[in-house]
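First to last, the sequence lines map onto chains A, B, C, D, E and F.
FYI, the numbering for the first sequence is 2 to 276, going by the working numbering.
FYI, the numbering for the second sequence is 2 to 276, going by the working numbering.
FYI, the numbering for the third sequence is 2 to 276, going by the working numbering.
FYI, the numbering for the fourth sequence is 2 to 276, going by the working numbering.
FYI, the numbering for the fifth sequence is 2 to 276, going by the working numbering.
FYI, the numbering for the sixth sequence is 2 to 276, going by the working numbering.
In case anyone wonders, no lab produced these hints; they're calculated from the structure.
Among the hints, a few may not be true.
Identical copies go unnamed one by one, so any copy, or any two together, can satisfy a pair.
With a straight-line Cα cutoff of 30 angstroms, these simulated DSS-like cross-link-like pairs (lysine-lysine) come out [as the list claims (entries may be wrong)]:
# : residue 1 : residue 2
1 : Lys-204   : Lys-136
2 : Lys-136   : Lys-271
3 : Lys-7     : Lys-170
4 : Lys-271   : Lys-170
5 : Lys-204   : Lys-7
6 : Lys-147   : Lys-234
7 : Lys-204   : Lys-234
8 : Lys-170   : Lys-234
9 : Lys-29    : Lys-7
6 protein chains.
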Amino acid sequence: MNARTKVMYLNPVGTSAYDEVFADMARKFKCPDTEVHIASLNPNSVAPEMNNLEYRAYESLIVADTVKAARQAALSGFDAMAIGCFYDPALLDAREISGDTAIVGPCQASITAALNVANNFSIIIGRTKWEDQMKQTVHEYGYGQKLASFEAVGLRVEEFHRNPAETRKQLELAAERAVEESKAESIILGCTLEVGFYAELQKFLHGRFSANVPVIDCSIAALKAAEGAAWQKRIGWTNSRVWGMEPPPESELERFGVFRGDYEFGNLIKVPTDG
Amino acid sequence: MNARTKVMYLNPVGTSAYDEVFADMARKFKCPDTEVHIASLNPNSVAPEMNNLEYRAYESLIVADTVKAARQAALSGFDAMAIGCFYDPALLDAREISGDTAIVGPCQASITAALNVANNFSIIIGRTKWEDQMKQTVHEYGYGQKLASFEAVGLRVEEFHRNPAETRKQLELAAERAVEESKAESIILGCTLEVGFYAELQKFLHGRFSANVPVIDCSIAALKAAEGAAWQKRIGWTNSRVWGMEPPPESELERFGVFRGDYEFGNLIKVPTDG
Amino acid sequence: MNARTKVMYLNPVGTSAYDEVFADMARKFKCPDTEVHIASLNPNSVAPEMNNLEYRAYESLIVADTVKAARQAALSGFDAMAIGCFYDPALLDAREISGDTAIVGPCQASITAALNVANNFSIIIGRTKWEDQMKQTVHEYGYGQKLASFEAVGLRVEEFHRNPAETRKQLELAAERAVEESKAESIILGCTLEVGFYAELQKFLHGRFSANVPVIDCSIAALKAAEGAAWQKRIGWTNSRVWGMEPPPESELERFGVFRGDYEFGNLIKVPTDG
Amino acid sequence: MNARTKVMYLNPVGTSAYDEVFADMARKFKCPDTEVHIASLNPNSVAPEMNNLEYRAYESLIVADTVKAARQAALSGFDAMAIGCFYDPALLDAREISGDTAIVGPCQASITAALNVANNFSIIIGRTKWEDQMKQTVHEYGYGQKLASFEAVGLRVEEFHRNPAETRKQLELAAERAVEESKAESIILGCTLEVGFYAELQKFLHGRFSANVPVIDCSIAALKAAEGAAWQKRIGWTNSRVWGMEPPPESELERFGVFRGDYEFGNLIKVPTDG
Amino acid sequence: MNARTKVMYLNPVGTSAYDEVFADMARKFKCPDTEVHIASLNPNSVAPEMNNLEYRAYESLIVADTVKAARQAALSGFDAMAIGCFYDPALLDAREISGDTAIVGPCQASITAALNVANNFSIIIGRTKWEDQMKQTVHEYGYGQKLASFEAVGLRVEEFHRNPAETRKQLELAAERAVEESKAESIILGCTLEVGFYAELQKFLHGRFSANVPVIDCSIAALKAAEGAAWQKRIGWTNSRVWGMEPPPESELERFGVFRGDYEFGNLIKVPTDG
Amino acid sequence: MNARTKVMYLNPVGTSAYDEVFADMARKFKCPDTEVHIASLNPNSVAPEMNNLEYRAYESLIVADTVKAARQAALSGFDAMAIGCFYDPALLDAREISGDTAIVGPCQASITAALNVANNFSIIIGRTKWEDQMKQTVHEYGYGQKLASFEAVGLRVEEFHRNPAETRKQLELAAERAVEESKAESIILGCTLEVGFYAELQKFLHGRFSANVPVIDCSIAALKAAEGAAWQKRIGWTNSRVWGMEPPPESELERFGVFRGDYEFGNLIKVPTDG
């Protein structure tokens, strides 16, 4: 089977500040035959200064554009799109109108990855603020029984990369606590901006517990899930379109004047296939 | 205790087509000391032709404005706001940023009302399309064990009032099926536009089963829940602001340039207090 | 809609020792148009010295009279009756035979109130003894996932008002623990005799956490739920009478010689409508 | 280990009409070394005409006496007591105050028995009226996932033995439906007065499905569970008395004047040990 | 009813090292009319040096023989067989092919016993390693809500009896922790080789908490459950053979050449009926 | 990232009758850089005539060899191994001792795939016999809420390919029923030998419902999951080795004389990388 794949990694904010970070991640972890587009939302419609989605109120501002982006990804022939935020915002909404393009999210992708190699997981988050909403999502997905704990490190999104040594220290403490006290068998980094820390943290835990404890980076997990979903598409397993997956009729979209025209992304970095 | 209450019933769409219907409902069912504002969203920012939220993609287009409306309701001194759609769209998002203004939704309000007078409930919906999302919500609220069934009548939102006799007939068949086959003890009308049918349907069921079967109209339930929440406010039980209920810092809203300025509603009908 | 409401607040014990406390509560928190009757059970049939229901064995002694009281409330034209004990004893039994009179309980009412303004709740109880039974009830209602914790303060029912300063101190410690360690977003006072402490405790928590944490008094919550249920009655949403809500046939009651004649309450304080 | 056992089978009503039926059952199914007392409640305190507990309101009238009976059983040195009604009324209340005497109920006993020989079960009940309450109990016990269905035969308690041939026919139809449509692997007869039908019904099902389908009689199951619990007592596994199992202090019982003196049963048939 | 019972207590390993321990237990706790065979697996097919089943990989090596043993027990006319390992290994597999012989396991038996005398339980295990798998089993059985905690004492199976005084100390600490911190109302010893400690531990807890806390020995519980299941057989309640309980056709077993011939046990101690 | 992958697809029976079928499947659906080994178990240790695992008793006979095969796969440097039976037999046991080799199963893989493109799923099985065990597994994985229904077609494993036209017809009827009556949004073929039917069935459903309904072939899903897991390994996310994932000590394996020496597979078809 042909392995040529085209996926979009959407950073669902109006700022392109982190796009390069995710492009690096993609370059390093994508399959050779995958072309990845790192995209962020249109700064004219989503506040370009808003650099985090830690609050539900912030998320509410990016839902419409994220869904429009999904439709655009479908029109542009992407096999799959990952919505790069651990809240998996607008995941099901986007999936409804994305045609044959698969939509995946870091939270679902990370848990699936973790449960391939462990019986349960803890999620390391920035602030306790995030916990209630994420717990709800974990339960909705059906993984409530596999959730060992949430561990907050007391950092906001933008702080993860401000002082990497300090962040590393906090992640180590949180992961140690999860394994020691909550009997976690794997760790999920519950923010796409915890990117860059997983390998060292896993190494630290190996030393600490004399045994492997996989540490899932949710951005990488989302990228790989998008590639996997692209494979599903090739097999023929595209989005269901019955019952809850039924999309709105095109004629009605026209009548309402919604989802018309191309969606313009704010920034776009194209990571080509290898060689 | 003073009973003076000011609540907003938000019709979360850009069209004001149904506002008068809800104003009539409010006039008939509100408490004497309650002032109700029926409001719809700004047609300049939400597609004014879009007259239903049956699809997740449509909902995605009203989330941002609904949250802005909630914040505006708080700034304008409303005690409570009901979001007039049975999906309870953006309920938790709105609640995060609504200050001391309580936010309620028809789905949660209807179930609470039903369980005061019955052990379980069936929800009559327009199309099976709606079922998966609503079922998810019912389970999230914790009421999965009390859900007897969903019953679809094969009507879209705008069709409920097109041929009332036919709608009545379909609601009767669906409710009868729910009670007879799924052992429902109460019926919830799962769309705010099923307004106007509950009393006759309850009467029909009484005749059919020789016993009372309460039929909850979700718009009325939402209005009464808003009044109840306004009472809570008077007692001092306003929105929690710790952990998952923590709102974004005002300084950050300013820095990001979001949620600034007044939100302008599309239409506004003021139903005054009695006498 | 007319707001004239007549509700009974039943203190389901044979002693009238606390009736005045609840009458004060009613005077302060009822709606202006509500008439509240504070009633306790017949001391000739329920041990008049028994001043608490902390044990299941004690509860068993008040079940029959509570159900009879509910039927009497219906015959006497009450819109709703609250059973004033956080175990919600005999709630469903009473509801079966209460005609069109709604029956509510402090536990269910408090949780509904808490979830209007928070995502979860902790319940402060007197002794750990109570926890297992109450937890069972919370789960039965469907709120297991929203329960942050129980916190016991080591006091028996009659001790809550013996040394108010000490009680206040213990409630503060328990509430602080709930918020801090169990991430509770709201607090429910899980005994009707914790009445009188909520406002100060909420103020304390505001100072402690620099943010609002609603503290639900379960007696007030029950009273307001009764008023809300009375509204439901006016709308037409009275007790279902099919399937599990079917009452025994009157002819059989006669044949068995049960539930005949008027039930005589032990004490009765009438709090009239305002003005 | 000595096998001498003394158990009480309580028919928790004020009428002794069915006591002989249960005595026959006990004679046939008890262990040789077991002495069984069939007892009913005091007709002076529980309406002696009331011959069923199909309604919650009826049950409310026997709760106090059932708990008193449990305490009396303990004082009289019974190893265990079965409360002979499939609702398992007052089970936990009785257990709280029954000292070292184990208390069991037909519902819990039947399910335990069924799951020893099958993966799931259906419960055949008289009327749909019973279903909601029993379902709640089954879920409380933790067996919600093992419940295949409830099947109602349209008979009241007193009708089961009125026309045995017709009852047999209805039980066959219900059991067949349970196995065929709900994939039940075992059948539980969900009323102690369905006594006398299990063996024939099991034979019928064997013929119908060419395979064994165990049919659990809940009275026999309760008796055997009582004998089993008596064994537990001999091993030393008596009622826990910490946390939720803590009984009220004897001094308080005295102060309140409750649970004093001997409880007088209404009727008592003594089935002696064999030989 | 005749009480003559023949049960097998299978120690599902290839070593007979512990058989005498279980024979002693049986002698002490069996019913007078019960004949118990303590058996271990065939050392020629199961590694005779492998003296524990702490790892899933070890269990995988005894599954086939355990199922063969169950079939053999049926052919040899045993009423019931207990599989003597707290993981309840191969329980459902064995039950499928054991004809009319009931199959029980220590985990299920212990929980059933515990819930007869308490509302919840904690399980004391050797190492945290065991917890995940056992927790899964507890949830599968439906008892997730009744599980207070697992408490590990840091001992491997073979270490429980190496230094009894130290083991006793560790069990006391663990049980105390369970009752004190997790509010356990009963204790289950979650390894058949914790045999011999329950009585003293229960006594210790009684002293420590001034109240009874039943301590369930899982080997004894399994034996008594086997006796109880034998009673069920006499009543006629043998294994269901429809749907999930359907056994493979004998003709197919023949065609495949599986489950042919007698299974030879490794060791067999016969504990006769009394007198 | 390099894409070179080596995975084993284990047909966990002693017969190689179907190996070629799975080799064809692998040739068609594997990634270009993947080398797949189709292997079956050693016919000398697993009954070579036994061509299905429809009964738990049959499964019990292949558990030990499947776990040994997993360990061998690890020793032979496979990145991942799929256990080719929809019961996911011995999945967790194999995973414990497979070193860094990931172990996946068709059931888990299929559900993950289905939920990427739909909100729920129905599983088409051969006989109702299979349902109880598979339902248990689905719930264990956390997907109970997403399970629309099981649909049995009345065929044994070996019959699926006997009369393809008839099988096709039965699958169509079952899938239609699932979508129509149980509101399934996707279909999972719940037996690896339903291989070869998915594409046509999906086409049929598209015609029947005028909309896409993905039909997941569980063998292909397992293969792709193995490839995905191999990617995880490359990223560093190998099996956790703490708590429940802790493997037995090598020294103990040696002492017990278990898992020593190479495991010899029964048959082995090597499907090389492309080009």
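Numbered hints the structure breaks, given as an ascending list
2, 3, 4
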